[in-house]
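Asks: What follows is each chain in one-letter form.
There are 4 protein chains.
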Amino acid sequence: MDRGRLEAFSDGVFAVAITLLALNLTLKGPLHPSLPHQLWEHRWSFAAYLVSFFVIGIIWVNHHVLIKSIALVDRMLLFLNLVLLLFVVLIPAATAIVAQYMPVDNGDTRVAMALYSAVFVGMSVGFGAIFEWTLHGDHSSQPLPPETHWPARLRFVAGGGVYAVALVVALFNAYAAFILIAVVAVYYIAQRTPSSPADPQGPGESGETEVL
Amino acid sequence: MDRGRLEAFSDGVFAVAITLLALNLTLKGPLHPSLPHQLWEHRWSFAAYLVSFFVIGIIWVNHHVLIKSIALVDRMLLFLNLVLLLFVVLIPAATAIVAQYMPVDNGDTRVAMALYSAVFVGMSVGFGAIFEWTLHGDHSSQPLPPETHWPARLRFVAGGGVYAVALVVALFNAYAAFILIAVVAVYYIAQRTPSSPADPQGPGESGETEVL
Amino acid sequence: MDRGRLEAFSDGVFAVAITLLALNLTLKGPLHPSLPHQLWEHRWSFAAYLVSFFVIGIIWVNHHVLIKSIALVDRMLLFLNLVLLLFVVLIPAATAIVAQYMPVDNGDTRVAMALYSAVFVGMSVGFGAIFEWTLHGDHSSQPLPPETHWPARLRFVAGGGVYAVALVVALFNAYAAFILIAVVAVYYIAQRTPSSPADPQGPGESGETEVL
Amino acid sequence: MDRGRLEAFSDGVFAVAITLLALNLTLKGPLHPSLPHQLWEHRWSFAAYLVSFFVIGIIWVNHHVLIKSIALVDRMLLFLNLVLLLFVVLIPAATAIVAQYMPVDNGDTRVAMALYSAVFVGMSVGFGAIFEWTLHGDHSSQPLPPETHWPARLRFVAGGGVYAVALVVALFNAYAAFILIAVVAVYYIAQRTPSSPADPQGPGESGETEVL
Chain A
5 MDRGRLEAFS DGVFAVAITL LALNLTLKGP LHPSLPHQLW EHRWSFAAYL VSFFVIGIIW
65 VNHHVLIKSI ALVDRMLLFL NLVLLLFVVL IPAATAIVAQ YMPVDNGDTR VAMALYSAVF
125 VGMSVGFGAI FEWTLHGDHS SQPLPPETHW PARLRFVAGG GVYAVALVVA LFNAYAAFIL
185 IAVVAVYYIA QRTPSSPADP QGPGESGETE VL
Chain B
5 MDRGRLEAFS DGVFAVAITL LALNLTLKGP LHPSLPHQLW EHRWSFAAYL VSFFVIGIIW
65 VNHHVLIKSI ALVDRMLLFL NLVLLLFVVL IPAATAIVAQ YMPVDNGDTR VAMALYSAVF
125 VGMSVGFGAI FEWTLHGDHS SQPLPPETHW PARLRFVAGG GVYAVALVVA LFNAYAAFIL
185 IAVVAVYYIA QRTPSSPADP QGPGESGETE VL
Chain C
5 MDRGRLEAFS DGVFAVAITL LALNLTLKGP LHPSLPHQLW EHRWSFAAYL VSFFVIGIIW
65 VNHHVLIKSI ALVDRMLLFL NLVLLLFVVL IPAATAIVAQ YMPVDNGDTR VAMALYSAVF
125 VGMSVGFGAI FEWTLHGDHS SQPLPPETHW PARLRFVAGG GVYAVALVVA LFNAYAAFIL
185 IAVVAVYYIA QRTPSSPADP QGPGESGETE VL
Chain D
5 MDRGRLEAFS DGVFAVAITL LALNLTLKGP LHPSLPHQLW EHRWSFAAYL VSFFVIGIIW
65 VNHHVLIKSI ALVDRMLLFL NLVLLLFVVL IPAATAIVAQ YMPVDNGDTR VAMALYSAVF
125 VGMSVGFGAI FEWTLHGDHS SQPLPPETHW PARLRFVAGG GVYAVALVVA LFNAYAAFIL
185 IAVVAVYYIA QRTPSSPADP QGPGESGETE VL
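Residue numbers (the numbering used here), protein chains in the order written: chain A, 5 to 216; chain B, 5 to 216; chain C, 5 to 216; chain D, 5 to 216.
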């Protein structure tokens, strides 16, 4: 078992992606509208930065918990992890597009928000695939009992499903979809944080890992 | 206890943020004013680079010392750490804004410097929250005796408080606030560096970790 | 033996390079053609992102397997690894050039695709040099028997050779070369993934590491 | 002793800085001069990329060897390391400036090359300060005998001195200075690479660590 480099590479990608989010916050400088005016023009950039930052942070925390339970690193896991990272890497670009189109409020805004949601759906699918992989063979050091596989999968579908709902909502109202994604992040942090340690010491804890 | 990935992810974010600071130092190239002239125009970029570099470096050193004393990693700690990193990631953008507005010396300069200070206040609050977390339960491997909690907290407030003072000063004089932040960094490095090893071998050492 | 920092530095470069790929996906924003139109204009950027992402991912997986088998880290290995990373770092820039020139379909498109292929050839040569290094002395903890050296080398030449073929094809038809590179990535992932664990537990497994 | 995070943070900065070098290699795309013409215009960008890449690579290898010999991590070491990294982070910006001004060949070219050399001088001073720190107290796990301190220091001065010579040469002829820096990198790699393993198993080996 060698999880070290899988974690190191993933942590590197998470860290670079979360830091690149702030590249969207550069302003035009003097000789342009006043600084408070420019900051106001960038209000959606700041809101999108906040939401994307915590979505990446949450998926990093979940990745941390899930990978810790893995007993065996094979090529399949490495490639499923690449699929997850493929979408993580897209988040800064998708965040920039959303921030550009939120102020105009037209059809393009809805397309931009649908894209943003789709990136999160893809990330959830990648994360869910890793979770599914842990359910089989001797991949997990704390295997879930077979009878809990379907409940665990349902929790996953419910988690990633919020982003799918946001994708559909975005086609009608971009702002509602954005609020939905933000509320889910806040809810996740608020509900989860006061709980017990993240160490998955038993099968139940490991099964509680969720995708959102 | 698994501090490894918390440290790896945080180190990644610190490393990327500190390296992105230098993206603000690119020049316009030939066909523009002479190179010495352009360097002079960028003097505030270089000054802001220096100050931000050492502020990130100092917070990294303190993070290193504080996390080493932690006995237990739970979700609360992971999310408090995310709050700290949220502000660390903003430092390159805030540094770029300050560097843009320092040469013009008007109301926008003061707003820019207040923003810059506010990012450091946020960073201090995030760091202080992690410190507060270490005071409770069995989170720390070298718990401080309860009677030293308030003195330790006061040192933290004093540390982060310098940035709050800089924020207020910035509303009146941006340059004074910048000098205050720079002096604090120099003071911290000068006073702290010749001291004994950073290993927190006793409660007192751990309590001496400061936020500035 | 100290593979830790070699892996940490390499993983850092792989992680930053793979994340910088997405910098090419930024759009021009409103006041320009509609968002779906801009996305369509960027179709080659997305295709090139996908291919480059998986090529970097595959070389990272192979690097992971090869370095794990190394018994001794000397300066020669460190510098051969730098040669590999020299080309990995060029991938985001080469991807950006390909994405710019694919839509115009002229002689420059063919030059751009030849450059892109050449970067992958260089990467393969760097990786092959590390593999060759493992065949000599007591560099490998699972040395291949001498009679398998030439078959193993041939597999490497076959692997890296696909990129050399793509380079030649690119001079006549850029799109065919691009499809060739993409097909090789898909083939590699599809064929390799369902197989047994990546742990090289014997000389044969280690010899199966391939460059593409 | 806890060298882990010092190494992780430093490796992160080295990895990001070396990867950001390639951001200077983006072209203007179609509707501009032909691609081969643009590549020719960027010839100095490619040359500067190559040289800076290997200079960062060499300092990373030396950092790797030197830090491995350290027995004790104190705040002084952490801040000396920050000084080294301060200049490493400046390398991508200095490389971009050199690449911009090499084609014009005027007084600004000489200023740019002097800046580039000065960044390497600063990096050498930072690295030399860390080396000096290892000579004192019980900082090194393989302390050099006192009578070898001055010879070891002289080797350091000779190493970093090449960059100081390049700085002076740059004021008269930028191209000669660039060739000098490139030749030193090639010489270092050629002469050092075929030698024995990098593991500093004795005081002599540790003392052979050089700065260039």
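Hints are computed from structural coordinates only; laboratory data are not their basis. Virtual Cβ for every residue (Gly too), placed ideally from N, Cα, C. It is possible that part of the hints are untrue.
Counterexamples of contact, computed for chain A against chain B with all Cβ distances above 12 Å [said to hold, decoys possible]: (1) Arg7; (2) Val17; (3) Gly33; (4) Leu35; (5) Asp109; (6) Val129; (7) His153; (8) Pro155; (9) Gly165; (10) Leu171; (11) Val172; (12) Phe176.
Pair ranges (Cβ atoms, derived) [stated by the list, open to error]: (13) B:Pro37 with D:Lys32: 48 to 54 Å; (14) B:Thr30 with A:Pro149: 26 to 32 Å; (15) C:Ala51 with A:Arg157: 53 to 59 Å; (16) D:Pro37 with C:Thr152: 49 to 55 Å; (17) B:Ala194 with A:Leu54: 35 to 41 Å; (18) B:His41 with C:Glu45: 21 to 27 Å; (19) D:Val172 with C:Gly165: 25 to 31 Å; (20) B:Thr30 with D:Arg47: 51 to 57 Å; (21) B:His41 with D:Ala51: 50 to 56 Å.
Under the rule of at most 16 Å between Cα atoms (straight-line distance), these lysine to aspartate or glutamate pairs were calculated in the EDC-like manner [what the hints assert, rightly or not]: (22) D:Lys72 with C:Asp78; (23) B:Lys72 with D:Asp142; (24) D:Lys32 with D:Glu45; (25) A:Lys72 with B:Asp6; (26) C:Lys72 with A:Asp78; (27) B:Lys72 with B:Asp142; (28) C:Lys72 with A:Asp6; (29) D:Lys72 with C:Glu151; (30) C:Lys72 with C:Asp142; (31) A:Lys72 with B:Asp78; (32) B:Lys32 with B:Glu45; (33) A:Lys32 with A:Glu45; (34) B:Lys72 with B:Glu151; (35) D:Lys72 with D:Asp142; (36) B:Lys72 with D:Asp78.
Asks: Take the hints in turn and mark each one as holding or not.
Replies: Hints versus structure:
1. Here Arg7 of chain A does not stay apart from chain B, with its beta-carbon only about 10 Å from theirs, under the 12 Å limit.
2. Not every beta carbon of chain B lies more than 12 Å from that of Val17 of chain A, the smallest distance being close to 9 Å; the non-interface claim is violated.
3. Some Cβ of chain B comes within 12 Å of the Cβ of Gly33 of chain A; the nearest lies about 4 Å off, and the non-interface call is violated.
4. With a cut of 12 Å on Cβ distances, Leu35 of chain A falls inside the contact zone with chain B, its closest approach being about 9 Å.
5. No beta-carbon of chain B comes within 12 Å of the beta-carbon of Asp109 of chain A; the shortest separation is about 25 Å.
6. Against chain B, the non-interface label of Val129 of chain A holds: every CB pair exceeds 12 Å, the least being about 23 Å.
7. Distance to chain B confirms His153 of chain A as a non-interface residue, since its nearest Cβ pair spans about 24 Å, more than 12 Å.
8. Look at Pro155 of chain A: its CB is around 21 Å from the nearest CB on chain B, clear of 12 Å, so calling it non-interface holds up.
9. Taking the minimum C-beta to C-beta distance to chain B, about 22 Å, the non-interface status of Gly165 of chain A holds against the 12 Å cut.
10. Distance to chain B confirms Leu171 of chain A as a non-interface residue, since its nearest Cβ pair spans about 25 Å, more than 12 Å.
11. Separation of Val172 of chain A from chain B is adequate, the least Cβ-Cβ distance of about 29 Å exceeding the 12 Å criterion.
12. Even its closest Cβ contact with chain B, about 31 Å, leaves Phe176 of chain A beyond 12 Å, as expected for a residue assigned away from the interface.
13. Separated by about 22 Å at the C-beta atoms, Pro37 of chain B and Lys32 of chain D break the suggested range of 48 to 54 Å.
14. In this structure the supplied range 26 to 32 Å is violated for Thr30 of chain B paired with Pro149 of chain A, their Cβ-Cβ distance being about 57 Å.
15. In this structure the supplied range 53 to 59 Å is violated for Ala51 of chain C paired with Arg157 of chain A, their Cβ-Cβ distance being about 32 Å.
16. A beta carbon spacing of about 51 Å between Pro37 of chain D and Thr152 of chain C agrees with the range 49 to 55 Å that was offered as a hint.
17. Taking 35 to 41 Å as the suggested C-beta distance range, the pair Ala194 of chain B and Leu54 of chain A conforms, at roughly 36 Å.
18. For His41 of chain B paired with Glu45 of chain C, a C-beta distance near 39 Å fails the hint of 21 to 27 Å.
19. Distance hint check: the CB atoms of Val172 of chain D and Gly165 of chain C are about 48 Å apart, inconsistent with the given range 25 to 31 Å.
20. Separation of Thr30 of chain B from Arg47 of chain D is about 20 Å and departs from the stated range, judged on CB atoms against 51 to 57 Å.
21. A hinted range of 50 to 56 Å for the beta carbons of His41 of chain B and Ala51 of chain D is inconsistent with their spacing of about 26 Å.
22. Between Lys72 of chain D and Asp78 of chain C the alpha-carbon distance is near 14 Å, which keeps this suggested pair within the 16 Å criterion.
23. Distance restraint check for Lys72 of chain B and Asp142 of chain D: the Cα-Cα separation of roughly 22 Å exceeds the 16 Å cut-off, and the hinted pair is therefore not satisfied.
24. Of the pairs offered as hints, the one joining Lys32 of chain D and Glu45 of chain D holds, with about 11 Å between alpha carbons and a cut-off of 16 Å not exceeded.
25. Between the alpha carbons of Lys72 of chain A and Asp6 of chain B the distance comes to roughly 9 Å, so the proposed pair stays at or under 16 Å and holds.
26. Between Lys72 of chain C and Asp78 of chain A, the direct Cα distance comes to roughly 14 Å. Compliance with the 16 Å bound is thereby established for this hinted pair.
27. Of the pairs offered as hints, the one joining Lys72 of chain B and Asp142 of chain B holds, with about 14 Å between alpha carbons and a cut-off of 16 Å not exceeded.
28. For the given pair, Lys72 of chain C sits about 9 Å from Asp6 of chain A by alpha-carbon distance, which is consistent with the 16 Å threshold.
29. For the suggested pair Lys72 of chain D and Glu151 of chain C, the alpha carbons sit about 37 Å apart, so the restraint of at most 16 Å is broken.
30. The straight-line distance between the Cα atoms of Lys72 of chain C and Asp142 of chain C is roughly 14 Å, inside the 16 Å bound, and the hint therefore holds.
31. A hinted pair counts as satisfied when its Cα atoms are at most 16 Å apart, and Lys72 of chain A with Asp78 of chain B qualifies at roughly 14 Å.
32. The suggested pairing of Lys32 of chain B with Glu45 of chain B holds, with an alpha-carbon distance near 11 Å, which does not exceed 16 Å.
33. As the CA atoms of Lys32 of chain A and Glu45 of chain A are separated by approximately 11 Å, the hinted pair is consistent with the 16 Å bound.
34. A threshold of 16 Å between alpha carbons decides the hint, and for Lys72 of chain B with Glu151 of chain B the separation of about 22 Å lies outside it, so the pair is violated.
35. About 14 Å separates the Cα atoms of Lys72 of chain D and Asp142 of chain D, which keeps this hinted pair within 16 Å; it holds.
36. Proximity of Lys72 of chain B to Asp78 of chain D is assessed by CA-CA distance (about 14 Å); at most 16 Å being required, the pair is judged to hold.
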